[in-house]
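Chemist: When we follow UniProt numbering, the leftmost residue of the sequence shown carries the number 1, and every step to the right adds one.
Honestly, I wouldn't trust all of these hints.
Unchecked claim - 20 Å max Cα-Cα, derived DMTMM-like pairs, lysine to aspartate or glutamate:
1) K136 to E116
2) K99 to D68
3) K136 to D86
4) K99 to D57
5) K87 to D68
6) K87 to E138
7) K66 to E49
8) K99 to E121
9) K66 to D102
10) K99 to E138
11) K87 to D102
12) K87 to E20
13) K99 to D88
14) K66 to E118
15) K136 to E121
16) K66 to E138
Simulated from the structure, these hints should not be mistaken for laboratory data.
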Amino acid sequence: AYDGAITTLCGGGRYNGLLELLDGPSETGIGFALSIERLLLALEEEGIEFPQMQHIDLFVATMGEKADDFAVTLLNRLRHAGISVDKDYLSRKLKGQMKQADRLNATYTIVIGDQELEAGEVAVKHMATGESQTMKFEEIESYIHGGKE
């Protein structure tokens, strides 16, 4: 299928004595490497395409470390409820996070900071209309599900 061009996607093995050669203890090691580029080329050659997500239900923007930690828990809960949700993982400023929400075509966004954590509620903004509604964190799931029907 690949005319010999892409025949190895990953490789590895057992490395007896390698640590000892590097002035380490006499231990046995194992290892492997995987070429993502080769894997993508092989999938392309086979005509296998990754499904492209058209949008996400909710984007969670955060301001501060506490908010970021809280967001991870919130994302996990919402994903288990069947909501497609994402957040920024690059510690961008709020403006950059909102651009990311736009790129992901998020239906709703929320911004979590110290004030929101203290109050236990957040404003959920509908990106297309600009309308915003304040609610408790526990109400987000039913609100998003209500908008999906």
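Chemist: Confirm or reject each hint.
Modeler: Hints, verified against the model:
1. K136 to E116: Between K136 and E116 the Cα gap is close to 9 Å, so the pair holds against 20 Å.
2. K99 to D68: Cα-Cα ~18 Å, so holds.
3. K136 to D86: holds (19 Å)
4. K99 to D57: holds (15 Å)
5. K87 to D68: holds (9 Å)
6. K87 to E138: Holds: K87 and E138 sit about 18 Å apart, inside 20 Å.
7. K66 to E49: Between K66 and E49 the Cα gap is close to 38 Å, so the pair fails against 20 Å, i.e. violated.
8. K99 to E121: This hinted pair is violated, its Cα atoms lying about 23 Å apart.
9. K66 to D102: violated (24 Å)
10. K99 to E138: violated (26 Å)
11. K87 to D102: Judged against 20 Å, a Cα distance of about 12 Å means the pair holds.
12. K87 to E20: violated (44 Å)
13. K99 to D88: Holds. K99 to D88 sits at ~10 Å (cutoff 20 Å).
14. K66 to E118: Judged against 20 Å, a Cα distance of about 11 Å means the pair holds.
15. K136 to E121: Measuring from Cα to Cα gives roughly 4 Å; hence the hint holds.
16. K66 to E138: holds (18 Å)
In this structure, the earlier hints numbered 7, 8, 9, 10, 12 are contradicted, and the remaining ones agree with it.
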